[in-house]
Structure formats: structure tokens, C-alpha cells
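Enquirer: Could you build all of it, start to finish, from the sequences and the hints given here?
Here are the chains, one letter per residue:
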Amino acid sequence: MSFGRPDLLWLLALAAPVLLLHMLRRKRQRIPISSLVLWERVVAAAPRRFGAGLLASLLSLLLVLLALTGGALSAADPILGSEAPPPRPLLLAIASSARMRSERFKRALQLARVEIARKAPYDPVTVLLVSDRPRILAAGQTDAARLIEALSRAKPELVPAAWDLAGPAIADVLGNSGRAVAIGVRPEVPSGTAILPVGGENSGISDFAIAVTDEKVRVFLRFSGQGPDAEVVLTLDGAVVRRARAREEVLLTLPRADGGLLRAELAPATGPIFDDAVEAVIPAPPALTVGVSATGVSDPFLKAALQVSGALAGDGEKFDVRVVAGQAAPDRLFPGDWILLTKPPVGLGYRVLPPVPVSPIWSASASHPVMRGVDAAEVQVLGATPAEIPEGAEALLSVPGGVVAAAGEVEGARYVWIGLETGNSTLPVTGAFPLMIRNAIAWFASLHSGVLPPAIRLGDPVSPAIPLPRGTAAVIATGPGEGERTVVPVIDGTFAYRPGEFREGEVRVAVGQEKHRTRLNAIYPEETEADPVSTAAPLVHAEDRSKFRSTEQRIWPWFALCAAMFLLVEWFVDRLRGTPFSR
Amino acid sequence: MSRVGEFFGDPEFLKKLAYLDLVAKQIFTGVRRGERKSSRRGAGTVFSDHRSYTRGDDLRYVDWNIYGRLGTLFVKEFEIEESANVLVLLDRSESMSYGDPDKFSFAVRVAAALGYIGLAHLDRVEVFPLPVGEPRIYAGKQQAPGMFTYLEKVTTGGTTDLLDSVRHIISTSRRRGIAILISDLLDPRGWQPAVDLLLARRHRVFLVHIVAPSEETPELGGAVRLVDNENGRKLDVRIDKRLLEIYRKSFKTFCRRVERYAMSKEVGHALLRTDLPFDEAILSLLRRGGVVR
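Going line by line, the protein sequences match chains Y and D. The first sequence begins at 1 in this note's numbering and counts up one residue at a time. The second sequence begins at 1 in this note's numbering and counts up one residue at a time.
Misleading hints may appear alongside valid ones.
[What the hints assert, rightly or not] Which chain Y residues stay away from chain D? Per the calculated CB distances, all over 10 Å, these:
| hint | residue |
| --- | --- |
| 1 | Arg28 |
| 2 | Trp39 |
| 3 | Glu40 |
| 4 | Ala45 |
| 5 | Gly140 |
| 6 | Glu157 |
[Unchecked claim] For the chain D half of the interface with chain Y, some residues (derived, Cβ under 8 Å), not all of them:
| hint | residue |
| --- | --- |
| 7 | Trp64 |
| 8 | Asn65 |
| 9 | Tyr98 |
| 10 | Ala212 |
| 11 | Glu219 |
| 12 | Ala223 |
| 13 | Arg233 |
| 14 | Leu235 |
| 15 | Ile246 |
| 16 | Ser250 |
| 17 | Phe254 |
| 18 | Glu259 |
| 19 | Met263 |
Just so you know, the hints here were simulated from the structure itself, not pulled from any lab data. Glycine included, each C-beta is placed from N, C-alpha and C at the ideal position.
Expert: Take a look at the structure:
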């Protein structure tokens, strides 16, 4: 047996004055009375019990000494068993940020439970949830059951982890000879903190890609680690737009709205299901305005085509697409979008070829967005001036003598050149011309948006979805600071690109000769990781202090109880001395 | 405040005392004129009897009417009122110094009151402190202050031996009268022989039994050594509830025995507790006990 406060054992010395008092009590008190006449008669008449008084007195002394000993030992805090180390505060800092969603957070809670189980029963534990700011879930709690109950209330949030704000609290615990354990993907904590990483592939939504067209949005989802009853819920700006069973892979098509935040969330059902969510911004369809060069629109077909597009800017208004008709193309295009209804623009590197008297359209580039829906098979041209196009331009329509329509980009200026005399061809009559104009504006619009909608699985690698021509089998992607990589499309016309290391910046994509660019746009870049943190290394938990539970037993209440009992018995003895008296 | 002067400096209280009178059922022969009926006949005012004339009788008392009818000389006798001899026997033994307030102070006041009543009725008051001290004799109300002063000076001392004291008193004061014994009656040899002796000498005896409350219900406990105030004798005793109960009963029996004895011997008796208001004790309890009227 050891003592928590051995310095209080000096209280045992109080036995000396007690003994002294007892001796003084044994020395009878002198009481003068008027006369012994009556008392002598009384004592003579009362029955005697020899020695009983002395015995009672000694018993009383013994009980008082026992009570004193019990009280002194109780005050000295006796402890049974081996000497227990002093309590050691434990701080559990659990990341509850976006990338801790799904299985990771559950793993983190599991690790926290292990830490709680390994603590000494008297160790106070503070649980800190680290999201965009530290939140105290439990403070100085020693009861493991309450800590577990508090952990059950914890949830990750779609915010980054502010480890820098949690740092002072962790440092404070470490400074007070406590332990701090940080549980997260990559906790940035003061030195001395034990780190339990919970990286690795996350269960839930493993792939997410969206393809946005003018009319609809296609969503591709791939799941892992889900039970058969899991359900995925798609919401657009908070409104539920679709529910579907979360099978291994799901392809959903939604009508395109004006854009917004598309969120796919796994709804927990039964089985080993991890909640998860991904988000992507669907851009609103671009609405470009078109301005016509100073000569105005004299061609009635062009006028009709621009009206069909519905984007003709008024006088003095700002516009996005400049239409040049009835005059020569400028030698140099400034950055922007151009529709050139002129003779071949020499300034852009076009070489003018001899005019063609009458000719059908020899070939058309059907895969180009400008030619989408355009049927040029029956079109006849008259007096067209073909041209040889420079590198960087793509032929849209060709006649045997050369190219009569092309699209390209020069120093930030995108253009569509149509070198037909619309009035001298059947192009307008077949409806191909207005379609080409509309497609050209839409193409500009798609390029104008610049940033393709990134599909960001919060807390996982970035997968920006990039639209591809139909039938594309593979694309070459180059991320910021990376070499080329071949990527297989996840859905027809779209591929999900995961950069090796996330960086904010451009990704260049080459599909055949066609080149695309997209910009990575993470919602919380610091919460996005390139590679899952390896969890191959065994998790090292802190020292197991749970064994202290059985070795230490504070028994001061028993001593206090015994002291009280002895005092009670002494009181009874004193009261129940009854007749014994001695002379 | 002195133990006597506290009350006896108050004229109102003295006036109340003067209305009281010591009850003397017997007729005593006094030495001087007083207010009490005497066994002797003489020149009083109240006619008592006739007797035959003898030579030397005062002719003023011859009943001439009878002589006219019978032709024989008879002398008219009248009652004379003489003073009684009041013996105030004040126990001053050490046992009387016990109590709070002490019994002796109370006894002195009682003695002063009874003495004053006697003096107020022209009695001859003899104060005897017991054990025997120097007796003082007072006669006449004007000597009351002297008596008070004397009583004030009396102190406690000695052991109680009532019989010896009474014997001594009787040897010095042979005149019969009213004997008032003011004592706690805690005499190892017993108090009864002393009273019996007084009665045998045909004294009208009053017992004023003084008791301290702490004697009646002592608050003692545990192992104690009781020390006798008078002779220093010691008694080691462990006092518990039961013993206290026996003591209380014993004390009550003692008081009751005194009372019963007084009744049987026609001795005036009053039991006075020292915690009682003194004026109440004098005016009420002594009257109820037949000591005064």
C-alpha cells in the first residue's frame, strides 16, 4: 500500500494528546459537594460492577485511537496496488474536413476509440474536431463511455482543415506533459504530436465525371465499397433532381438547366455504406452576342441566320463575336471570336486559289462543331474563291480547287471563315448556312467559357471532365508540370483526368490533331490531394495506459468509513456504559 | 450588595415582614412585656379568671361585686402579654456554603427575616450560629439593624453537629421559646436528635430546610471524586444515569422524611430552594409551612 499524500501521516501523532487526555480523564475530577452523607448511602445501595468501568474506558480509548488512525490514514490517501503514474492529459485532434468524408472519417473515429481505450481510466481526454476552425467535442473528460458517445456526434464538413488554429491547443497540452494525437490525412501539427494517418483510397464515390452539352448534362458515377442498397441522390443547387440505386457504375442524364452546383451524394442505407459526396459546377450556357462590321448586313440569308441565333447586338452595344461581311478581312485579327464572310484572308496566311465556276462541295469536316448537323452533300457553289489554308486552321468545306470554309485560331483570335458567295450557292437554300452560323457562335461560346466544369470529389483527386469527339478511344493529357499521359475516356465523349499532383492551372489535352485546354478549379485546393497517403506503414498508437486501471485502487473512503464507525461505536459505548462504575 | 442589605434596606419589604408573626401554639413565659400571651397572670387588660384573695394581693383587683353577693374576697386575674424567646439557630457549617447561590447566604436572609419578624412583635431574639458561635440577643425593633449587621458578619465554617450545638444552646439559654432551626440538615449523626432535644425542652420548633438546586438534581457524570465540603472526605464514584436517578430518589426521600417527621411532631416546616425568589420564600412558603402567619 502506498500513500498519495504521505505528508499527512503526521496526523498519527495526534494519538499522543489523545492518550494524554485519556490519562487526565482517568485522573478523576474533584467535585466539591455539600456533604457526602447522601452520596455514601446511594453508592452503598447501588449494585457494583467491578472493572467494568475500567474496561469501558479502555475500550473507549481503543476506539478513539482506531478512529484517529483511520482518519489519518484516510487523509494520507492510501492506494492499493502498484504506484500509479500521474494522470496524463490526452488531446485527440481529429480532422473533420472535406477530405475526411466517407470511410476515412470512420477510420479516424475508430482510431480515436482505440486511443481512448488505451488511456488510463483517470487520464482526461479532450477531443478536438479540426475543420475550418477547431471545435471542442469533449473537454477534460475521463469517462470513456461519454467520449465514445461524443465521437458518435462528430461529422466531417465540406471545409478545409485549419490545423494552424488547432496548433496552440495541441502545443498547450504537450507543454503540460500531455499527449497529443492528430488523426487526419496530412495533419500539420506541432512537433511531438503523434500522427495517425487515415489516407489511402476512400470508399464511396470513386469516379465522377460530367459531360455538359447545350441541352443536357450527363453524369457518370462509379462506386466502391457500397452495399447493394446504397442510393445516390443528385441535387442541383440543393434541389433533388434524381435518385438512383448506387450500383457499381451509374450513368445519368439530366436536362441542362441554367447551371448551378451539381452534387451527387451517397445516401446511407444498410450494409457497409460510407456516405460520400461529389460536387461539380455546371456552367450556365454561354450567351454570346454578335456584332456585325460597319458595312452592316446586306445579305438577307446572313441576316436571317444571325436572327435565328438570337444574339445580335444592338448599335453601340458590346458584343462577343464580330462578323465581317461585305469587305476584306483584316490582315491581323485581335483576340476574340470572328466570323469572316470574305474572300480568303491573306493576312491570316491563306493563299488565294483560282476561282471555281461551278462545283459541288467535295468534302466537309463533319466532326467539327461548326459543321454539326450541317448536310453539305447537295450544296452547289458558283464562283467561289478557294484557298489553301495555313497550319492551325481546319477545313470545314472543300471543293476540288481548294478550301472554301475553315476554322482556326491565331494568337488568341478564333475565327470561322466561309469563303462562299452565299447568294451564288445553294448553301442557304439547304439550310446549311444558318446552321453553320449558329454552330460557329455556339463553338465560340463553348471555347469562350474557357474553364471546363471540373468534377471535384471533395477530398479526392481532381477529375475534370473534358468533352471529346464521339468515338475517341484515348486522349493524351498533360497536366501542369507533368509529362504526357494517355487517358481512357470514362464515358462516351468525356474523360476524367486525374493529375498526378494537383496544381491549380491548365491541363492540355490532345485528341488526335485536336487540342483542348481546361483549367483545374478545385473548391478547396488544400483539401485536394494528388496521391492517397500510403497507409502501408503500421499505425503506431501511443503508450497503452489502460493497464493502470486494475493496479491502482484508492481506498481512503474505506478508512474514513472505518474511522466514522469507530467513532460511532465509541459514542454508543460512552452512552451505554449503563451501571458500571468503579470506586 | 450584601446578602442581608439587599432586601432589608427596603422599607416596603420590612413593612411586609412586620405584618407577619411567628406562629407560637404554646404559651411561654416571657421576661418582659410583649405581644404574646403569657402563662403568667397579671395586670393585663383581658380578664382571665378569679382566685381567692391572699394577703398581699393588690386590692385594686378584688372583685367587689362577688364579695357583695357571696361575702368572699376574690381577686380578678388578667392575661398578661409577654415577649417570647425566639431562638434562631443558623447552621453555618461548611456544607451551607455549597450551591449557587450558596445556601448560607439564603439561610442568613431567612434568619434575618424571621428575626426581624420576632423583633417586630417585641420578641426576644437570640441568634445562634451553629456550630456554636457567640450568641447574640436582640430585643426590640430598634435592634434589628444590629442583628442584620451581625448576621452579615457570620461566615461559614466547621462541621455540622446539630445535637452538640443544641445541647450547648440549651445549657446556655434555659428559657423556653420558639426555636427556628435553619439548616440543610446534612448532619452525619442525623438531625432528628437535635430537634427531639428541642422538643423535649418544650420549645416550639420550626425547621427551615435549605436546599440548593444542584443538590436536588446534580449534573454530574463520569468518574469523579466527590469531596465533602465540611470534612474533606473523598468518595470516588463513576456517575451514570442510573446512579444519578438513585441519588435523586434518595434526596427526595430525605426531604420527604423531614417533612413527615415535622408533621408527626407538629414541627413547623418549610423547604426552601435557594433558586427561589427570596421574598416569595418568606411571604409564601414560610406561611404555607406554618412558620409564620
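Enquirer: All hints are to be evaluated individually against the structure, with a verdict given for each.
Expert: Tested hints:
1. Arg28: violated (4 Å)
2. Trp39: violated (6 Å)
3. Glu40: Since the minimum Cβ distance to chain D is about 6 Å, Y/Glu40 lies within 10 Å and the statement is violated.
4. Ala45: violated (6 Å)
5. Gly140: Its Cβ never comes within 10 Å of chain D, the nearest being 54 Å, so this holds.
6. Glu157: holds (76 Å)
7. Trp64: violated (66 Å)
8. Asn65: Where the cut-off is 8 Å and the nearest Cβ of chain Y is about 65 Å from D/Asn65, the hint is violated.
9. Tyr98: Since chain Y brings a Cβ to about 3 Å from D/Tyr98, closer than 8 Å, the hint holds.
10. Ala212: holds (7 Å)
11. Glu219: violated (10 Å)
12. Ala223: holds (5 Å)
13. Arg233: holds (6 Å)
14. Leu235: holds (5 Å)
15. Ile246: Because about 5 Å separates D/Ile246 from the closest Cβ in chain Y, which is inside the 8 Å limit, the hint holds.
16. Ser250: holds (5 Å)
17. Phe254: holds (6 Å)
18. Glu259: Not OK, violated: D/Glu259 not within 8 Å of chain Y, min 16 Å.
19. Met263: With Cβ-Cβ at 22 Å, over 8 Å, it is violated.
In this structure, the earlier hints numbered 1, 2, 3, 4, 7, 8, 11, 18, 19 are contradicted, and the remaining ones agree with it.
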